[in-house]
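The hints should help you fit chain B onto chain A, whose structure is shown.
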Amino acid sequence: QKEVEQDPGPLSVPEGAIVSLNCTYSNSAFQYFMWYRQYSRKGPELLMYTYSSGNKEDGRFTAQVDKSSKYISLFIRDSQPSDSATYLCAIRKTSYDKVIFGPGTSLSVIP
Amino acid sequence: DSGVTQTPKHLITATGQRVTLRCSPRSGDLSVYWYQQSLDQGLQFLIQYYNGEERAKGNILERFSAQQFPDLHSELNLSSLELGDSALYFCASSVGAGVNTGELFFGEGSRLTVL
Chain A
160 QKEVEQDPGP
170 LSVPEGAIVS
180 LNCTYSNSAF
190 QYFMWYRQYS
200 RKGPELLMYT
210 YSSGNKEDGR
220 FTAQVDKSSK
230 YISLFIRDSQ
240 PSDSATYLCA
250 IRKTSYDKVI
260 FGPGTSLSVI
270 P
Chain B
490 DSGVTQTPKH
500 LITATGQRVT
510 LRCSPRSGDL
520 SVYWYQQSLD
530 QGLQFLIQYY
540 NGEERAKGNI
550 LERFSAQQFP
560 DLHSELNLSS
570 LELGDSALYF
580 CASSVGAGVN
590 TGELFFGEGS
600 RLTVL
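Residue numbers (this note's numbering), protein chains in the order written: chain A, 160 to 270; chain B, 490 to 604.
So here's chain A without its partners, still in its complex pose:
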């Protein structure tokens, strides 16, 4: 079983839609949860970072972690064409451990 799994998509939505991206992980030892965004041919960049269960909001983005079910989500409200990218969930056990990435979900927001 892979340490983190993610629906690869691709996902195509109209502009303004609410997008839900999800990942599951296998080991309860993971304590840090992140979402990275990767534009084509670019390096990933951090979008959201959370520690422990709960919600974290940043503008149009909300990250949700449910440690009891080992489930993490990213919600994008009022999606924009500029949100078209690959979204990677990422997990790590400590703040200085290796970061393990999910395979990524490709998102296209159609104007």
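To be clear, the hints were calculated from the coordinates, so they are not data collected in a lab.
Cβ atoms here follow ideal geometry from the backbone N, Cα and C, with glycine treated the same way.
Mixed in with the good hints there might be a few duds.
Among chain A residues calculated to face chain B with C-beta under 10 Å, some are [said to hold, decoys possible]:
1) Gln165
2) Met193
3) Tyr195
4) Gln197
5) Arg200
6) Pro203
7) Leu205
8) Lys226
9) Lys229
10) Ala249
11) Val258
12) Gly261
13) Pro262
14) Gly263
15) Leu266
Chain B only, in chain A's frame:
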């Protein structure tokens, strides 16, 4: 611009050859991570260094090796190259141990094509 510099950006070489990829981390960052990204495997962790010492190792092939130098730049050496080694190789850096953040800063990657 993340502040992480990777060279070369593109590299085309033949099977059996050896290449070296170079990474300069952000100023002040002590940790360097190497990742391989291919279409079918996603972003795979290879190896992590902290202040010159190897910290963690992932699924890095024996044909691959890396090191972090005293000035904190890092090199990833790939030898006896095979077609399957064609991928994007990313370097990332972070401040390092003891800092409560998950942020890795990624370079633009080195695209390796093995023919």
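Hints, verified against the model:
1. The interface hint given for Gln165(A) is met, as the beta carbon of that residue sits about 9 Å from the closest beta carbon of chain B, less than 10 Å.
2. Among the interface hints, the one on Met193(A) holds; its C-beta lies about 5 Å from the nearest C-beta in chain B, closer than the 10 Å criterion.
3. At its closest, the beta carbon of Tyr195(A) sits 8 Å from a beta carbon of chain B; the interface hint therefore holds under the 10 Å criterion.
4. At its closest, the beta carbon of Gln197(A) sits 8 Å from a beta carbon of chain B; the interface hint therefore holds under the 10 Å criterion.
5. For Arg200(A), the shortest C-beta to C-beta distance to chain B is roughly 8 Å, which falls under 10 Å, so the interface hint holds.
6. Checking Pro203(A) against chain B: minimum C-beta separation of about 5 Å stays under 10 Å; hint holds.
7. Interface restraint check for Leu205(A): the shortest CB-CB distance to chain B comes to about 5 Å, inside 10 Å, so the restraint holds.
8. Interface hint at Lys226(A): violated, since its Cβ lies 15 Å from the closest Cβ of chain B, which is beyond the 10 Å cut-off.
9. Interface restraint check for Lys229(A): the shortest CB-CB distance to chain B comes to about 17 Å, outside 10 Å, so the restraint is violated.
10. Here the hint on Ala249(A) is kept, as its CB sits about 7 Å from the closest CB of chain B, short of 10 Å.
11. For Val258(A), the interface hint holds, the least distance from its beta-carbon to any beta-carbon of chain B being 6 Å, beneath 10 Å.
12. For the restraint placing Gly261(A) at the interface with chain B, the shortest Cβ-Cβ distance is roughly 7 Å, inside the 10 Å limit, so the hint holds.
13. Taking 10 Å as the C-beta contact cut-off toward chain B, the hint placing Pro262(A) at the interface holds, the least distance being around 4 Å.
14. Annotation: Gly263(A) was flagged as interfacial toward chain B, and the flag holds, the nearest CB pair being 6 Å apart, inside 10 Å.
15. The closest approach between the C-beta of Leu266(A) and any C-beta of chain B is roughly 16 Å, which is over the 10 Å cut-off, so the hint fails.
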